[in-house]
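Start from chain A and add chain B according to the hints.
Each protein sequence line maps, in turn, to chains A and B. So the first sequence is numbered by my numbering: it starts at 2 and just counts up by one. So the second sequence is numbered by my numbering: it starts at 2 and just counts up by one.
Since the hints were made in silico from the structure, they are not lab data. Misleading hints may appear alongside valid ones.
[Unchecked claim] Quick list of the computed label-pair ranges, beta carbon to beta carbon:
1) A:F50 / B:F218: 19 to 29 Å
2) A:R148 / B:S12: 16 to 26 Å
3) B:D103 / A:R148: 29 to 39 Å
4) B:Q24 / A:E48: 29 to 39 Å
5) B:D103 / A:A268: 30 to 40 Å
6) A:E57 / B:E238: 46 to 56 Å
7) B:R406 / A:K3: 23 to 33 Å
8) B:D103 / A:G409: 23 to 33 Å
9) A:K194 / B:R96: 35 to 45 Å
10) B:S12 / A:K296: 48 to 58 Å
[Said to hold, decoys possible] Some residues of chain B that are not near chain A, with every Cβ distance over 12 Å (derived):
11) G39
12) F50
13) E56
All C-beta atoms in this analysis are idealised placements derived from N, C-alpha and C, irrespective of residue type, glycine included.
Protein chains: 2
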Amino acid sequence: MKIERFAEGISLKRSVDAGTADQRKAVQDIIHDVRKSGDSAVHNFTERFDGVRLEELLVSEREMEEATASLSAEQLAIIQEAADNIEMFHEKQIRNSWFTTDDTGTMLGQKLTPLDAVGVYVPGGTAAYPSSVLMNVMPAKAAGVERIVMVSPPGKDGKLSPAVLAAAKIAGVKEIYKVGGAQAIAALAYGTKTIKKVDKIVGPGNIYVALAKREVFGDVAIDMIAGPSEIAVLADESAIASEVAADLLSQAEHDARACSVLVTVSASLAEEVAAEVTKQAALLPRREIAEASIKDYGRIVVCGNMTEAIEAVNELAPEHLEIMTKDGLEVMAKIRHAGAIFIGRYSSEPVGDYFAGPNHVLPTNGTARFSSPLNVDDFQKKSSIIMYSETAFRQNAEKIADFARMEGLEAHARAIESRGVNESGK
Amino acid sequence: MKIERFAEGISLKRSVDAGTADQRKAVQDIIHDVRKSGDSAVHNFTERFDGVRLEELLVSEREMEEATASLSAEQLAIIQEAADNIEMFHEKQIRNSWFTTDDTGTMLGQKLTPLDAVGVYVPGGTAAYPSSVLMNVMPAKAAGVERIVMVSPPGKDGKLSPAVLAAAKIAGVKEIYKVGGAQAIAALAYGTKTIKKVDKIVGPGNIYVALAKREVFGDVAIDMIAGPSEIAVLADESAIASEVAADLLSQAEHDARACSVLVTVSASLAEEVAAEVTKQAALLPRREIAEASIKDYGRIVVCGNMTEAIEAVNELAPEHLEIMTKDGLEVMAKIRHAGAIFIGRYSSEPVGDYFAGPNHVLPTNGTARFSSPLNVDDFQKKSSIIMYSETAFRQNAEKIADFARMEGLEAHARAIESRGVNESGK
Chain A
2 MKIERFAEGI
12 SLKRSVDAGT
22 ADQRKAVQDI
32 IHDVRKSGDS
42 AVHNFTERFD
52 GVRLEELLVS
62 EREMEEATAS
72 LSAEQLAIIQ
82 EAADNIEMFH
92 EKQIRNSWFT
102 TDDTGTMLGQ
112 KLTPLDAVGV
122 YVPGGTAAYP
132 SSVLMNVMPA
142 KAAGVERIVM
152 VSPPGKDGKL
162 SPAVLAAAKI
172 AGVKEIYKVG
182 GAQAIAALAY
192 GTKTIKKVDK
202 IVGPGNIYVA
212 LAKREVFGDV
222 AIDMIAGPSE
232 IAVLADESAI
242 ASEVAADLLS
252 QAEHDARACS
262 VLVTVSASLA
272 EEVAAEVTKQ
282 AALLPRREIA
292 EASIKDYGRI
302 VVCGNMTEAI
312 EAVNELAPEH
322 LEIMTKDGLE
332 VMAKIRHAGA
342 IFIGRYSSEP
352 VGDYFAGPNH
362 VLPTNGTARF
372 SSPLNVDDFQ
382 KKSSIIMYSE
392 TAFRQNAEKI
402 ADFARMEGLE
412 AHARAIESRG
422 VNESGK
Chain B
2 MKIERFAEGI
12 SLKRSVDAGT
22 ADQRKAVQDI
32 IHDVRKSGDS
42 AVHNFTERFD
52 GVRLEELLVS
62 EREMEEATAS
72 LSAEQLAIIQ
82 EAADNIEMFH
92 EKQIRNSWFT
102 TDDTGTMLGQ
112 KLTPLDAVGV
122 YVPGGTAAYP
132 SSVLMNVMPA
142 KAAGVERIVM
152 VSPPGKDGKL
162 SPAVLAAAKI
172 AGVKEIYKVG
182 GAQAIAALAY
192 GTKTIKKVDK
202 IVGPGNIYVA
212 LAKREVFGDV
222 AIDMIAGPSE
232 IAVLADESAI
242 ASEVAADLLS
252 QAEHDARACS
262 VLVTVSASLA
272 EEVAAEVTKQ
282 AALLPRREIA
292 EASIKDYGRI
302 VVCGNMTEAI
312 EAVNELAPEH
322 LEIMTKDGLE
332 VMAKIRHAGA
342 IFIGRYSSEP
352 VGDYFAGPNH
362 VLPTNGTARF
372 SSPLNVDDFQ
382 KKSSIIMYSE
392 TAFRQNAEKI
402 ADFARMEGLE
412 AHARAIESRG
422 VNESGK
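Okay, chain A solo, but in the shape it has when bound:
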């Protein structure tokens, strides 16, 4: 790993794949066709892109049972325990509607309502992760969303990953369609005879899925467009090099464009971690991916002191941050930008990827400056409540009408005055 001295303006940002003009055009055409021809377009694109002509898009009860049966009891128990932990954490995010009153009898407030229907995209192939099902479904469920629809591209055998289906069953998803790509996003956004439209689409996908989400954004809500994953480890001399290296590599194995960074105040730790990464990487099954990621995006940033190290982390705004220092909580308090913060030796990132409860859908590529982990708020919306009393109205009617006239909006002023402010008002 490259070892460098900290310098201002440090950044993890990689260029985002915005797609080629051809890819954008292809996605627009697919969306257009699905809007026009509905299910038949969905079936045709599935045949073309996934190589299978399906009788039924909907996953049957029997397919769900077969999938579950193909996992071991131990595997099912682990998925169930993870689902329970994730549910418990997200239930703590649920907010109540609230209101205030005043002595004129006016009531103001904010009403929280779950979205009616949410679509969860789950990638196919080797990226078909049961943890992704849990992390996208459980917050929607905690929010009270009644209809949660899952879509995922079928394999050539017309089937979905058993582990994904088992996770969906444990998460309580009942409506699952074997459809992927831009055609799945179009069906969710605009509806077909088989797949009724939803209000929001979440979940990761390939470039076609990402482009399709961008296209339908506005007609439905979408979650973020996720970039490749990243981790920063902030460590002092108290950290253990082999553990730091193992954590950096757990990120690097995801993707050759994943980014693993060590920020440290210890020059000796820097050297040791660099050596450990080389050693451990060579032993990994996904060695090629991990080594490419470390080579292109791996960095060790040596800082003069902890203040500088914290500044470096805040500039990076990493998706995942591990703090392996003395006084981890004190350091955490000074972190302004990070998707998830793992504190201490026993909070290795995979603890949060699968099991602890907080969400693993996190803002990437520096967007932790302004974005949040997927959470219950993403599946609820607010409505303002205004119930003005006659007393409050009479006290303020003239001021409100004056404000309207200051903005040149006479009909607004007259709407107020239509309540007889001129006769009985003031």
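Here is chain B on its own, set in the frame of chain A:
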């Protein structure tokens, strides 16, 4: 106004102005130039589009004072009172960071952090509304955003609207630049020598501003892309036709594409309101706009009973909803989709547009199905906190490693096992 019977599938949706290919190209070119040439590009575009060559983009202290001095004491007092009300309401939205602990010593939580810097776009010309300044700035301020930057296009005289500047001063905005259009959005998103970059851009604007926000989305956060405004009034026979009509017209005067709908269970109210709208519209200064809006987008929907009327409103998902019925709170409880809900005779929409405290930046064009009024959450982000205890780690390490292997991610499993789970674990 057209009177119709309720039928399922009713919708307020109007096609969203997605811009022409030429407009999109122009916006992309402007953004490219500002990224490349910074301030000099900003000055050049301002000269080209706003017809003025500025010495300084930053509004001076002197300009602020002149603007304030040009408003009456009464006007300033009204803006101040509105600002106080808006601040008070939004302060109630502030959330605390929270955490949970368990008896193994594990701590999980969610840390709330305000965004570092927010840009507020304020349109120029006749759409330069002081209320818009307050509604966009106060939630950011309540959230604790340290740097709030305002941008607005100058008139040919190189000046901004005095009312807008006065509102900015009252709201506590200190950094205001005379720049508008796509060049303002580009400067806020990517920074120039004069205008440092921000993390999020909010506020309404014309098609060039909307397209530019779409382009920079992802590099910075943006609020919604607002469509033309709309109101639905849900009324029974207890409502007063002249008041309902005045409220419908207060929406219609905004924009020829604004949409005003009465949903009612009373056929006689429907007739009366239609007549009142015709009568009152003819007397408005903005008569042409209001009449065009009513003609093209005004509707009266007559329903068989209140259940049907509530269903109609939920299908419309209006930006503003006035409930003028007996048992207004009971009706409100059944509304699932509306940006702001005004209950009772004295909650005429302008009460909320300017004064009561809730935000007037609301989801339009049916997006109340999944979007919320602008609020403090829009200016804070969350970070997950995971501090796993050694006990919890040892209890769960093997399960977490198994989960990782189920997903084919060996380095994840090894990161867990690097903590010595094999020696001392289980």
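Going through the hints against the structure:
no., hint, verdict
1, A:F50 / B:F218: 19 to 29 Å, "27 Å, holds"
2, A:R148 / B:S12: 16 to 26 Å, "19 Å, holds"
3, B:D103 / A:R148: 29 to 39 Å, "33 Å, holds"
4, B:Q24 / A:E48: 29 to 39 Å, "38 Å, holds"
5, B:D103 / A:A268: 30 to 40 Å, "38 Å, holds"
6, A:E57 / B:E238: 46 to 56 Å, "50 Å, holds"
7, B:R406 / A:K3: 23 to 33 Å, "30 Å, holds"
8, B:D103 / A:G409: 23 to 33 Å, "59 Å, violated"
9, A:K194 / B:R96: 35 to 45 Å, "42 Å, holds"
10, B:S12 / A:K296: 48 to 58 Å, "53 Å, holds"
11, G39, "16 Å, holds"
12, F50, "23 Å, holds"
13, E56, "30 Å, holds"
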